[in-house]
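So the chains spell out like this:
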Amino acid sequence: MGIKSAAIVGVYEHPSRFAPSKSAYQLIGESVRGALADAGLKRNDIDGLFFAGFGMDSLTLCDYLNLYPSYLDSTNIGGVSFVAHAGHAMAALAAGLCQVALICYGSVAASQPGTGLGGGGRSTAPADQYENPYGPTVINGYAMVAQRHMHQFGTRSEQLAEIAVATRYNASLNPEAKYRDEITVADVLASRMIAAPLHLLDCCMVSDGAGAVLVTSMERARDLRQPPIAIRGYGESVGHAGGGLRDLLELGTTRSARDAYARAAMSAKDVDMAMLYDSFTITVLAQIEALGLCRPGEGGDFVSGGRLRLDGDFPVNTDGGGLSSNHPGMRGIFLLIEAVRQLRGQCGARQVRKPLRTAIVSGIGGNLGYRHGAATMLLSNS
Amino acid sequence: MPDADARPYLKPLPYLEAENRPYFEALQRHELYFQRCQVCGRSQFHPRALCCHCLAPHPQWCKATGRGRVYTFAVTYHSPLPGFRESTPYIVAYVEIEEGLKVLANLVDCAPEEVRIGMEVEAVYTPATAEITLVNFRPARPA
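Residue numbers (the numbering used here), protein chains in the order written: chain D, 26 to 407; chain C, 232 to 374.
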């Protein structure tokens with residue numbers, strides 16, 4: 026029957042950032058093996074499957090891994106989907122619909138382009154008919170958010186660059202990160218403009234990669250190999266045109282965070298670090314405000330002076346994020362994995378210096394400039 | 232009207248169907264339409280077969296003035312999209328039209344360094360093919 030509280034008990038991040046000789050399914054299989062070993066669970070313990078991917082599906086994955094889950098969830102709200110999956114796994118466990126939930130993802134978007142990132146074919150989605158003729162790109166959607174933020178609050182490119190610089194510092198201490206050479210604000214500003222005001226170094230990379238996460242009851246978690254990391258609260262939402270009234274600085278994160286804090290009986294003051302989806306520097310800044318870590322419009326000051334470094338006041342994206350570590354098309358699963366590793370104290374050279382109790386994990390999927398999904402989760406190690 | 236055979240149009244085109252055809256037919260006549268619900272009275276863009284505020288059917292087609300202000304924009308220097316790939320930089324913008332709705336379009340007849348949020352703009356109608364005309368916006372000119 027249902028359980029009172031859920032915990033993340035196994036995680037694995039595939040070390041590869043470029044795997045031309047492997048399929049996405051193979052990377053996932055290797056990650057599932059890694060997460061099971063981390064938790065001390067067996068393949069046949071898995072009875073819930075939570076999966077999303079572009080050009081991939083749950084049935085093919087079940088076939089490949091020879092899984093027979095009794096509960097499946099293929100929610101796809103963009104790259105953040107896996108944070109939503111962890112929230113949905115908590116609900117399924119509470120309802121007694123599964124006992125051990127596997128969340129997984131993999132992609133070879135970098136080494137085998139065209140195999141994983143969607144595209145191709147003509148969209149018949151209603152909104153697309155009014156947008157696609159004008160050349161919307163992933164990046165110009167976010168650039169329009171950045172432009173509006175700069176206009177409304179006086180945010181500067183130098184402040185956005187601070188996010189890329191701190192994230193790269195964190196990556197410099199992660200031997201698996203793809204980009205580890207430190208950069209400066211000047212480097213970011215000198216990198217070529219992709220969609221003004223976003224420069225190349227304001228943008229995440231495209232890499233290969235994969236990961237897996239296992240969630241079960243706190244009761245069962247206590248008998249497993251790793252210290253359990255409790256899911257304290259969760260919320261999700263969306264943002265879109267709202268019939269044409271859209272406010273590009275109004276994030277679904279405001280609502281997902283409100284629900285996550287309420288369900289955890291916590292507030293932003295209780296949070297020691299954050300793993301935030303960093304598709305672009307502006308994505309991080311906008312989420313910091315929406316999560317209530319600072320007031321709206323004050324994100325530029327909040328991120329300045331190296332505060333997001335793992336030795337700073339408020340560590341963010343301690344693995345190096347999508348800006349510097351990996352971004353295989355969708356990155357939500359790595360937000361969970363790194364938060365768990367930090368809360369367990371297993372990060373070695375990149376372990377956050379101050380004591381950690383609670384991490385907030387939050388992401389944006391889809392496009393902040395067009396349509397997006399948002400999911401927020403609070404995790405604690407006690 | 233450009234000769235479609237002589238100059239193939241590479242950019243993505245809207246997929247016309249019953250729900251959006253009146254909108255694109257109006258653009259052919261150089262008219263920009265939005266919709267207002269006859270039940271709840273609220274407006275919407277993009278057009279739909281129902282009101283997205285109250286789900287009532289048959290929202291009324293209304294003609295916009297075609298004037299508005301730039302709400303935000305992005306000068307795009309890199310694009311993977313056919314037709315746009317070859318024509319960078321281009322400017323995408325949300326224009327808040329006088330009716331209070333935000334419309335995505337390209338800003339034309341405007342250098343990237345001249346665009347400002349809040350700038351007054353007006354609709355221009357750009358033929359793409361014999362069947363499709365698109366709305367764009369340019370800096371407003373004195374009447």
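In short, the hints are calculated from the structure, not lab data.
This structure is a prediction, so every number in the text was calculated from the model and none was measured.
From the three backbone atoms N, C-alpha and C, an ideal C-beta is built for every residue, glycine too.
Don't take each hint at face value.
One-sided excerpt, in silico: chain D residues whose CB lies under 8 Å from chain C [stated by the list, open to error]:
(1) R147
(2) A168
(3) F178
(4) A215
(5) S216
(6) G268
(7) G322
(8) E323
We went through each hint and held it up to the structure:
| no. | hint | result |
| --- | --- | --- |
| 1 | R147 | holds (6 Å) |
| 2 | A168 | holds (4 Å) |
| 3 | F178 | violated (12 Å) |
| 4 | A215 | violated (15 Å) |
| 5 | S216 | violated (12 Å) |
| 6 | G268 | holds (4 Å) |
| 7 | G322 | violated (15 Å) |
| 8 | E323 | violated (20 Å) |
When each numbered hint is compared with the structure, violations occur for hints 3, 4, 5, 7 and 8.
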